[in-house]
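Asker: Now for the letters of each chain:
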Amino acid sequence: MTTVIYDPRSEVGVPVNDYKLSLDVKAPGLVIGLVSNGFPDAENLLVAVGRALATVLDEPEVRIFARNDPSVVAHESVVGEVVSQCDAVVTAMGHCGSCTSSTVRDAVTFAGRGLPTVGLVTAKFWESGSFVARSVGMPEVPRVMLPYPVAGTGLANIARIADEAVIQIVRRLGGADE
Amino acid sequence: MRQSFRSFAAWAALMSDTAIVASEITTKSEDEAVEWLHANRCTDGLPVVLPTRSRIEDMLFVASLAGLDRDVILGALGPTMGEATVEKVAINAVMAGCEPDYFPVVIAAIRALCDPRMDTTEVQATTHDLAPLVIVNGPIRKELGISGSYGALGYGHRANLTIGRAVRLCLINLGGGWPGVSDMAALGQPGKVSYCLAEDEENSPFPPLHTSLGFTADQNAVTMTGVGAPHSVMAIHNADDPQSADRILELIARTIASMGNNGATLGTGTVVVCLGPDHAQALHQAGHTRESIQQELWKLAVNPTTLVERLRFGSFAPTDTDQDAVVHAISGPEAVLVFVAGGPSVYSSVMVPWTQGPHRNPYVSVEIVTTDACEVPVSPVIT
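So the sequences go chain by chain: A and B.
Per this note's numbering, the very first residue in the first sequence carries number 1; after that it's consecutive.
Per this note's numbering, the very first residue in the second sequence carries number 179; after that it's consecutive.
Looking at chain B on its own, in the form it has when it is part of the complex:
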């Protein structure tokens, strides 16, 4: 589609007499336009691609293929509850540097973010460093080049970075987020600029994550949840060691239950576990499934209640606590999103939740829709 789509878009633009609804801003030069966007807190601090009519129309054309007109409201983003229309999201996707082909992923991510369970009002306000993480599954990962391998959350991956950035720009421009004003993250983290990766389905011994969440393998989906920065987990697998898989799981669980994490005390929210492919293979060879890994991590990620109370209340801690009681850092096995990402290595990664907000930091999955076209059966030619 990519080679031919610009000519289609040009055709569509010519055929369309609908105006862009958003206010026009006229400046004397491109530099002045960039400065206007910076001065009005419309960017994340980095330069942006200018949202010109033709670039916005390119995005809107891709949305139209999925049956989405420019005025369709995807939802609202807190705290200001600004409407996320397809057109506004398109403007922000242009600014983020997205290729038009990425737009269906951005739309799905914004749909997920607008789900009331994502609590964007509270998520934007908190002093915790969480950011919405976009996990992409399905064939579209390969088509768009969304990485789930080496450095997927680092630099160099255009699709990952620009899709994640489009989400952040929407949180700024539609939800009203701004550091020190409405986004009170005490320090923040780089994922608050862009936080998007794919599952490395090809190197996973387990079914793709989205198939565990109700989708089929040939569907495309984003799964979103608010989590902090990645913590690396080093574990060296030894095929001769019968305890090797158990060690990997225990190291991941201890990272989840690390006492400085909110979950160690509060035990709610979604925990994200990006298994490195080597760790995934080792666990698979030991007989584990995604479900058994979730179960084990829930069981192992605990701390003695006496320790939790001592570190929380100090000299005011209760003195009559059961010495054998434990606090789970995870609310239940289903609260752990386990998938495979990252290059082959001795590392996995864990992202832990804020745990708070009315809905307690759940995850939301949404299908990525690229077309609303029905398959039209073609009659056989009879000669």
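Okay, chain A solo, but in the shape it has when bound:
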């Protein structure tokens, strides 16, 4: 005799939007926004990413937008500043549960405003970042995987991580698939 039960799950409440943005990474003088969520060493990582970007892009200008509140997404006023000033954005850092959520949500917000975007997420929180990306309606928002841990590993190691990630960051900003 068969048993009939009813599905206890709800559908994800946010529809899916495609990500189709790309940056002309060969253009000179690009302004790249680096948005830190305030997780320990996120800003240090982005400073190092900014230095690394200067070695592979044509005289870019990097601008840091830092907050000290990793569990919360970027304030609308900051989003407005970034969108008005920058050609592309790198968000960081996915290194815990809520900060992965906030940095991926930031990336989706900027992408939704038309800015090519990359979120930096550590390996241990990669799956969580993918879940968040789908939850907020942009599963393909570009992300680059960093080793875990980044925070607390010292400035020299953080600089090395940024140097190793920069090519992938530029590829994703340019519209390449993962």
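Mixed in with the good hints there might be a few duds.
For each label pair, taking beta carbons as the anchor points, the in silico distance ranges come out as [stated by the list, open to error]:
id, chain 1, residue 1, chain 2, residue 2, range
1, B, Pro482, A, Ala156, 45 to 55 Å
2, B, Leu391, A, Val78, 44 to 54 Å
3, A, Glu11, B, Pro482, 12 to 22 Å
4, B, Asp396, A, Arg63, 53 to 63 Å
5, A, Gly38, B, Pro496, 55 to 65 Å
6, B, Ser436, A, Pro139, 37 to 47 Å
7, B, Ala364, A, Arg113, 25 to 35 Å
8, B, Gly223, A, Ser77, 37 to 47 Å
9, A, Pro28, B, Val371, 55 to 65 Å
10, B, Gly438, A, Ser77, 28 to 38 Å
Now the stretches of chain B that chain A is said to cover, found in silico as 3 or more residues with beta-carbon under 8 Å [claimed, not checked]:
id, segment
11, 198-208
12, 224-234
13, 261-267
14, 415-428
Honestly, the hints are just simulated from the structure, not real lab data.
We put the beta carbon where it would ideally sit given N, CA and C, even for glycine.
Position chain B against the provided structure of chain A, taking the given hints into account.
Answerer: Relative to chain A, chain B alone:
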């Protein structure tokens, strides 16, 4: 109501031609149905009561008494923002093992959880071990047997466990929570399976908690907030010691301000203080009220700023900090929920918050509605 309600439900089901909206899953056996729920991450890892049509209809009948149709949307739960319809919540309450009579409490808890101030997107995601705690007040506690006494957060209390479990199943199935994927709690804690208790209003010298939050004593209410696991606080009262009440308060405050707690550094969020009835009586006899206890705990739960900075920043700590400055572990007296629960003993318990998220870990209270019936005056019979 309990004895008669199944026949009412059967009657209501016969009278109703509305279908359950949720997708049907047909399996060859009950065992296969249980396995399907496990395999699809629809349970908390424990066996569940199968959500069959008749069991779901029993829940929905109780909801209908409160004026709630099956398609009413109570809100959405993050991070996936799945809709919490009455029907979906009913399915999860069945799976949790709730009696239909418990359903109004589950509905109130889900209403509270769907309040945007509860930040379920961030609360589910964090590596902290917090879980939504359900505190029940009002006459319904006794009617349903929701314990606020010995072992209220332990085993053996069917209503406590199944109501709390229904909340967790909704967080899984409606909000998308899953350990290591969307719920990144580093270790977690048993309250993430079920975290529900009542206030022991009968053994409290203070007014019931919900009356301090805008309800009347004869109303039923749930109060919810996200907190970590309980920390026990041992304090031995001595009626001959004029400092006895002060010692109890200081021990509770030092537990709240323990340096490993997020609040010790960040000083936000809701702190839950379950006073054991003996401690509550001792504080009451010393002249304390709920408000004075909140005030004292806020004042006492502090650490020197130099200590906070040293333990947070190590050798990078500022060197010019005022030696007399302190960091409060609580944002203000109103951020402490003080109520009486637990068996008579030398113990109270403290649950401390995550402190984070856009709304900073507040509490939300919602009335438990069991009926929408109006009192209809009956005309006197004239003979």
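Asker: Would you mind marking each hint as holding or not holding in the structure?
Answerer: Status of the hints after comparison with the structure:
For the pair B:Pro482 and A:Ala156, the beta carbons lie near 33 Å from each other, so the given range of 45 to 55 Å is not met. Hint check: B:Leu391 to A:Val78, Cβ distance near 35 Å, so the stated range 44 to 54 Å is violated. The supplied range of 12 to 22 Å is broken by A:Glu11 and B:Pro482, whose beta-carbon atoms lie about 51 Å from each other. The hinted window of 53 to 63 Å between B:Asp396 and A:Arg63 holds, with their beta carbons roughly 59 Å apart.
Hint check: A:Gly38 to B:Pro496, Cβ distance near 18 Å, so the stated range 55 to 65 Å is violated. As the Cβ distance of B:Ser436 to A:Pro139 is approximately 41 Å, the hint placing it in 37 to 47 Å holds. Checking the proposed 25 to 35 Å range against B:Ala364 and A:Arg113 shows it holds: the Cβ atoms sit about 33 Å from each other. Restraint check, B:Gly223 to A:Ser77: a C-beta distance of roughly 43 Å satisfies the suggested window 37 to 47 Å.
Checked against the hint of 55 to 65 Å, the pair A:Pro28 and B:Val371 passes, with Cβ atoms roughly 57 Å apart. At about 34 Å, the beta-carbon gap between B:Gly438 and A:Ser77 stays in the expected band of 28 to 38 Å. For the segment 198-208 of chain B, the proposed coverage by chain A is satisfied: 10 residues have a C-beta within less than 8 Å of a C-beta in that chain, meeting the threshold of three. For a cut-off of 8 Å, the count of residues in the segment 224-234 of chain B with a CB near a CB of chain A stands at 5, and the three-residue condition holds.
Counting residues of the segment 261-267 of chain B whose beta carbon lies closer than 8 Å to any beta carbon of chain A gives 4, which meets the minimum of three for the stated coverage. Closer than 8 Å: that is the beta-carbon criterion, and the segment 415-428 of chain B has 0 residues meeting it against chain A, so the requirement of 3 is violated.
Checked against the numbered hints given earlier, this structure breaks hints 1, 2, 3, 5 and 14; the rest are met.
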